[in-house]
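Student: All chains should be modelled from the sequences, with the hints used to inform the complete structure.
In the order they appear, the protein sequences are chains B and Y.
Here our numbering is used: the first residue of the first sequence is -17, the next is one more, and so on.
Here our numbering is used: the first residue of the second sequence is 38, the next is one more, and so on.
Keep in mind that the hints were calculated from the coordinates and are not lab data.
Everything numeric in this text was worked out from a predicted model, so none of it was measured.
Wrong hints could be hidden among the right ones.
These stretches of chain Y come out as covered by chain B in the derived footprint (C-beta under 8 Å, 3 or more residues) [as the list claims (entries may be wrong)]:
1. 227 to 238
2. 249 to 256
Okay, the calculated beta carbon distance ranges per label pair [what the hints assert, rightly or not]:
3. Y:201 / B:227: 14 to 24 Å
4. Y:52 / B:284: 38 to 48 Å
5. B:210 / Y:155: 33 to 43 Å
6. Y:175 / B:117: 34 to 44 Å
7. Y:233 / B:161: 45 to 55 Å
Don't be surprised by glycine CBs; every beta carbon is placed ideally from N, CA and C.
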Amino acid sequence: MRIQYIIRRILISVPILLAVYTIVFFLVRSMPGGPAVAVLGDYASKEAVEALEAQMGLDLPLWVQYVRFLWGLLRWDLGRSLINGFPVAPQIAEVLPYTLELTISAIIFGVIFGIPLGIFTALRRNSLLDYLARTFSLGGISMPEFFIGILLIMIFSIKLDLFPVMGGGNLYDLHDNLSHLFLPALTLGLMMTGYVTRTTRSSVLNVLRDDYVRTARAKGLRERVVIYGHALGNALIPVVSFIGVYAILLIAGSVLVEVVFSRPGLGKMMIGAIKQRDYMTLQSVMVVYGSMVVVINLLTDLSYGLIDPRIRCK
Amino acid sequence: MSEKGRLWRTFKKNKTALIGSIVAILIIIAACLAPVISPYDPFEQDVANRLGPPSRLHFLGSDDFGRDVLSRVIWSIRISLTVGLFSVIIGLFIGTMMGVVAGYKGGIVEIVIMRTVDVLLCFPTLITGIMVAAILGTGQVNLIITIGIIFTPRFARLAYGPTLGIKEVEYLNAARVIGASHLRMIGRHLLPNIFGDLLVAATLWMGAAILMEASLSFLGLGVSPPNPTWGNMIKSGMDNLSNAPWLSLYPGLATLITVLSFNMIGDGLRDVIDPKLRI
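Tutor: Laid out in structure tokens, this is it:
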């Protein structure tokens, strides 16, 4: 892959990030009440609110606040929580690994099970197993994540007592961490498997209709060589780009899963910030979510270029 | 056979879509007949039967206030379908207008609208939904507006592409030459051409809208208790998962069946419209 392509793609992400941060800034500013009222309560005097707003820099013109916000981001200074007064950045750094391990393990789960299932069902189209797998995958994307989570808690935690119901475990204790991670990751992983299976199946079916596959068969190649040597590589190219799209869906799903399992993470932090009207924390979590999405899109595009020779040569 | 007849036959032959349609129709009938078919008032409290398991008296059990779970599940269909339908209509209407105007006008209007749409699509839908719901507040009307806003950029993107393709065709040039106004060009010539695809997307997103409603209500940002919705019923049932699992189980199953039926119809419609995508 040409180095110019990578640099160009990274440079394109900068204005997108800036736009994302701008939207976050203005969305949070349009929340009802305002940060000073959130801290002092709805019945605080006007003078007290104004004094606190001046202390927080909220009396400054909006563009000054905006520039300060961007300047803070550049220095990884996300401000202080309105509730506990501590800097937000270390609090995010503390919970981010929990969200990342959950999302990444769900993606791995989805890829490991979804791709073979998708290939298998495409090759045995309209068989009983195909129908079962299709029903499973459609069910996987139709079921709310929080309901899958609750079902898994009922079976594995309450009935069988195999896994803990709540919490994220200790990140530095592998056994404790994995036992807390298993059910949340399975919850999101099942959803991911549904998406990946559907995409892979449809992509393999499309490729099997292509002329070059017909040519490969016509010249007498064995079916195994046609499928694994010719068709599969091309069929998996769109799957990779869709995995990026699904990873973004998983980030959203992780909010619900973190709430169901009372698991520390960005999602739980965000919902807590909304309920407590902690606008500083909310703004910072949204910034991190937005950045994660932009980075995922960037990585997807780069990996697309890496595996597709047509893009690599451009 | 006419084109419509051929499409209808293809749709009917698709078993998944047919089953989905039947289930969806049954659900819609249940929503319409909620006052007649639900055995109890969804708010009526039977204190003697608090957290009662499924029985002949309460077919799906009763909750921590002694309210009948079956009646509440049935009444929730009304809220879910209303929110799903109206939010998709809002998204369809505003999004289509944005996409069509951007594609038709071009220039700075196109750049401003479509780049805004691109940035809004950067955020995962649920996270945008949570933010917008936090700004607008809870309640059924606000929930409809929230989900409508989330779907707007999606419809805008969907309407934009075909508009670009259609705006240079002969009959539009002819209409322009005979002095048709912009409004007439869009309303009379452009919109009818792209509306079919948009309606298919609307059906597909109906399931997503219902899922979003359940998710936001589950997070406490949608319709608040005591009004019954599947999301808030599942959430309040979580406190009693070990001793009264039916409180979360049945609303969850109802959500699954409803969303599944709309997704099955959406899959079928997609197959009918584009046989190449048949999966």
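Student: Now tell me, hint by hint, if it's right for this structure.
Tutor: Against the structure, the hints:
With a cut-off of 8 Å between beta carbons, the stretch 227 to 238 of chain Y has 0 residues touching chain B; three or more are needed, and the interface restraint is violated. Given as covered by chain B, the stretch 249 to 256 of chain Y passes the check, having 4 residues with a CB less than 8 Å from a CB of that chain where 3 are the minimum. For the pair residue 201 of chain Y and residue 227 of chain B, the supplied restraint of 14 to 24 Å holds, since their beta-carbon distance comes to about 23 Å. A C-beta distance of roughly 41 Å is found between residue 52 of chain Y and residue 284 of chain B, which places it inside the suggested range of 38 to 48 Å.
A hinted range of 33 to 43 Å holds for the C-beta pair residue 210 of chain B and residue 155 of chain Y, which are about 38 Å apart. About 35 Å separates the C-beta atoms of residue 175 of chain Y and residue 117 of chain B, a value consistent with the hinted range of 34 to 44 Å. About 51 Å separates the C-beta atoms of residue 233 of chain Y and residue 161 of chain B, a value consistent with the hinted range of 45 to 55 Å.
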